[in-house]
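Visitor: All chains, full assembly: derive it from the sequences and hints.
Single-letter residue listing:
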Amino acid sequence: MSMEPLTDLPRQERGRWRAQHLSLVIGAAITLGIIAIALLSVVWTPHDPNPTPLPIAERLKPPAGAHWFGTDLYGRDVLSMIMVGARNSILVALVAVGIGVGIGVPLGLFAAARRGWLDDVIMRVNDLVFAFPALLLAIMITALLGPGAINAIIAIGIFNIPVFARVTRGAALSLWTREYVLAARVAGKGSALISIEHILPNVANILVVQATIQFSLGILAEAALSYVGLGTQPPMSSWGRMLSESQTMFAFAPHVAIFPGLAIVITVLGLNLLGDGLRDMLDPRLRRERSTA
Amino acid sequence: MRRALGKSLGLAALAVALLAGLAPHAALAARTDVTIGMQLEPPNLDPTGGAAAAIDEVVYANVFEGLTRIGADGSVLPALAASWDISDDGLVYTFNLRDGVTFHDGTAFDAEDVKFSLDRARAEDSTNAQKALFAAIDSVEAVDALTVKVTLSRLEGAFLFNIGWGDAVIVAQETAADNATRPVGTGPFMFSDWVQGDRVELVRNPDYWGKPAQLEKATFKFISDPTAAFAAVMAEDVDAFPIFPATETLAQFEADPRFSVVVGSTEGETILAINNGRAPFDDIKVRQALAHAIDRQAVIDGAMFGYGTPIGTHFAPHHPAYVDLTSQYPYDPERARALLAEAGHGDGLTVSLKLPPPSYARRGGEIIQQQLAAIGVTAEIENLEWAQWIAEPFKGKDYDLTIVSHTEPMDIGIYARDDYYFDYHSDAFKAIMTELNNTTDPARRTELFQDAQRRITDDAVNVFLFELAKAGVWNAKLKGLWANAPVQANDLTGAYWED
Chain G
1 MSMEPLTDLP RQERGRWRAQ HLSLVIGAAI TLGIIAIALL SVVWTPHDPN PTPLPIAERL
61 KPPAGAHWFG TDLYGRDVLS MIMVGARNSI LVALVAVGIG VGIGVPLGLF AAARRGWLDD
121 VIMRVNDLVF AFPALLLAIM ITALLGPGAI NAIIAIGIFN IPVFARVTRG AALSLWTREY
181 VLAARVAGKG SALISIEHIL PNVANILVVQ ATIQFSLGIL AEAALSYVGL GTQPPMSSWG
241 RMLSESQTMF AFAPHVAIFP GLAIVITVLG LNLLGDGLRD MLDPRLRRER STA
Chain B
1001 MRRALGKSLG LAALAVALLA GLAPHAALAA RTDVTIGMQL EPPNLDPTGG AAAAIDEVVY
1061 ANVFEGLTRI GADGSVLPAL AASWDISDDG LVYTFNLRDG VTFHDGTAFD AEDVKFSLDR
1121 ARAEDSTNAQ KALFAAIDSV EAVDALTVKV TLSRLEGAFL FNIGWGDAVI VAQETAADNA
1181 TRPVGTGPFM FSDWVQGDRV ELVRNPDYWG KPAQLEKATF KFISDPTAAF AAVMAEDVDA
1241 FPIFPATETL AQFEADPRFS VVVGSTEGET ILAINNGRAP FDDIKVRQAL AHAIDRQAVI
1301 DGAMFGYGTP IGTHFAPHHP AYVDLTSQYP YDPERARALL AEAGHGDGLT VSLKLPPPSY
1361 ARRGGEIIQQ QLAAIGVTAE IENLEWAQWI AEPFKGKDYD LTIVSHTEPM DIGIYARDDY
1421 YFDYHSDAFK AIMTELNNTT DPARRTELFQ DAQRRITDDA VNVFLFELAK AGVWNAKLKG
1481 LWANAPVQAN DLTGAYWED
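Protein chains in written order, with the working numbering: chain G, 1 to 293; chain B, 1001 to 1499.
Keep in mind the hints are simulated off the structure, nothing from the lab. Since we're looking at a predicted model, the values are computed, not measured. All residues carry an ideal CB built from backbone N, CA and C; glycine is no exception. Certain hints may be false.
[Unchecked claim] Facing chain B, a subset of chain G residues (Cβ under 7 Å, in silico): (1) Pro53; (2) Leu54; (3) Ile56; (4) Gly229; (5) Gln233; (6) Gln247; (7) Thr248.
[Claimed, not checked] Label pairs and their in silico Cβ distance ranges: (8) Pro133(G) - Ala1228(B): 20 to 28 Å; (9) Leu39(G) - Ala1235(B): 42 to 50 Å; (10) Asp1419(B) - Ala131(G): 45 to 53 Å; (11) Leu145(G) - Pro1212(B): 51 to 59 Å; (12) Arg1278(B) - Val42(G): 31 to 39 Å; (13) Asp1419(B) - Ala143(G): 51 to 59 Å; (14) Ala131(G) - Ser1224(B): 27 to 35 Å; (15) Leu145(G) - Gly1306(B): 35 to 43 Å; (16) Ser1139(B) - Leu145(G): 47 to 55 Å; (17) Asp1138(B) - Ala143(G): 47 to 55 Å; (18) Lys1397(B) - Leu269(G): 43 to 51 Å.
Guide: Here's what the structure looks like:
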């Protein structure tokens, strides 16, 4: 699904492209920025996010001088914690999306290729998982396996599987009727090979968009799980836990809640803008609708 | 004009007369109901059949009474027993019961009820959570309707205190089985309603034997979330939160003239409990290293926002027999590292740290985790709900370290219990406790209590952190609530509203 050069588009369409481009650019910039901050936190943070022992005497200092975002109730530097928290959020969401893609996409391809009762079984099991509210499922899984970042990843990953399976199957089904697929079958290729060589490259666009959206949902889910104490455990910083720890202090030390809250909002906003932009750019159906409108 | 003036004067006179007439009524119309906030809902309402502090915090002294009762200052006061005589050998207690006492269901209270209650509590199949309180009782005899004779098999110095606990209240034989859901006692308040998950309502007992309560109605409302608790008090939806869960917000209440913030003491020794039976904690050097690694004041400041008194042993600092042992293992990470190295753990340790829900444990746990990290001990935090905590560390001894507050009064005796979750076994300590139980001389008892305190600190059984403060918030006009918590109770007998 190659992109037509901009100059080939009518003028009105070009203006629309710029507008779409804008959300894509803003989204990409925010996302890259957050990723850069997360990577930076591996080698440098303004302060140790987890000093041993904790500098209790420094607690709840408002944003100023040495601590740009202030300090939390144990005297830790909020900015450093947010930087490390970014790394944690991204890692959890990334691996969870990886699980969803790694299991969901093959399932979807397989279901579309085989059809019949196996397709039904796979998709009904998917529906079953899908029918649970995602967070409820995650809470159930972490309650079962015990709290912790690894289990949060598994939990968020599991509710990503049906999303990717369903999207892949839907798109693949329509491709199986195309002439080039028929041609490949006539040429004697097996359905596995066709799925990999012809179907997968053509559903990749949709998957990239879906992955971006699931990524932002994953970050929200990690924050929510950590907020209720089932996600990332101390001493690792987590945006969700920072929020839950600060809720009774909002009245007299608002900075401990505002900064992690902003971090979540900005990251999720950035990923959603990026996802929207990518979809507008890559989804052939949307583009066709636009050009005929 | 004149007529108008006269008319208004007349109206004014009428108004004054009306006001004068109304004034006494206004005074009488002071509020007679109260809503008390509690963080945990009691699992049932029978203090003789459950260990949860929340049970006593609703029904003790309000619905149920014992032969004796514990007053606001921790002293033993007469309750259903108007007086008592102790035989010269200290083994026979003769209680003279109050006359004219009835249970809330109208049946009369007499010596048979006392015999039934005490025999039931100490029976083989008793579900009483504090059976040790009754261990010294040999027999209970109803001499006549208003006289009970209790014979002990051994001396028990704290007997009158023990039978003042919520676990030793007197219940009626006919209603004992239903007390869990419909408690029937002899107290100044009667049970009225329990909306599970929300509140318990009590109403005044019009036939109370003693001075009747001034409040007509009391509601205990259960709000587990600290933020919601804060909002409920601020909005005056609850009139008092005697054990307020979020100490960080107390400054806001203090600044508000509508509220009184009363910080008192509790019997809650908050400890970093150590599984003495499990390696490497069976080595005293490791336990001493932990003790040296903990900066108590940092834990109090960070977890409790400064509310709490450091302790060096398992004993309440406001008790006369308390010994200050906080300097026996001063905060000294270097010394802690050296002790660990001596014990053969110079390259560090990885242990589990299981934390129950209260903020002293969860926050204290994070601070202690970092303090331990400073001496090379990696503590992996595991947050548990109360039911899990009871099942794993407390009953199953399945833990390395945990943080908990022991809120029962005078509970140093738990260190003599072989089955207790510390897994601490010391013949020397048991000998002290045995002698203590056989001693009634106050001076000697104090000495023995002090020996006991020193013994467990010498053995570094646990890391003793701080005595939990009872930080209560209540409406400034509400008077007569307890500032301290010598027993688990919200005694509303003397509570009233000031105009």
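Visitor: Now tell me, hint by hint, if it's right for this structure.
Guide: Hints, one by one, checked against the model:
no., hint, in the structure
1, Pro53, "holds (4 Å)"
2, Leu54, "holds (5 Å)"
3, Ile56, "holds (4 Å)"
4, Gly229, "holds (5 Å)"
5, Gln233, "holds (5 Å)"
6, Gln247, "holds (5 Å)"
7, Thr248, "holds (4 Å)"
8, Pro133(G) - Ala1228(B): 20 to 28 Å, "holds (23 Å)"
9, Leu39(G) - Ala1235(B): 42 to 50 Å, "holds (46 Å)"
10, Asp1419(B) - Ala131(G): 45 to 53 Å, "holds (47 Å)"
11, Leu145(G) - Pro1212(B): 51 to 59 Å, "holds (56 Å)"
12, Arg1278(B) - Val42(G): 31 to 39 Å, "holds (36 Å)"
13, Asp1419(B) - Ala143(G): 51 to 59 Å, "violated (30 Å)"
14, Ala131(G) - Ser1224(B): 27 to 35 Å, "holds (30 Å)"
15, Leu145(G) - Gly1306(B): 35 to 43 Å, "holds (38 Å)"
16, Ser1139(B) - Leu145(G): 47 to 55 Å, "holds (54 Å)"
17, Asp1138(B) - Ala143(G): 47 to 55 Å, "holds (49 Å)"
18, Lys1397(B) - Leu269(G): 43 to 51 Å, "holds (49 Å)"
Consistency note: the structure conflicts with earlier hint 13 alone.
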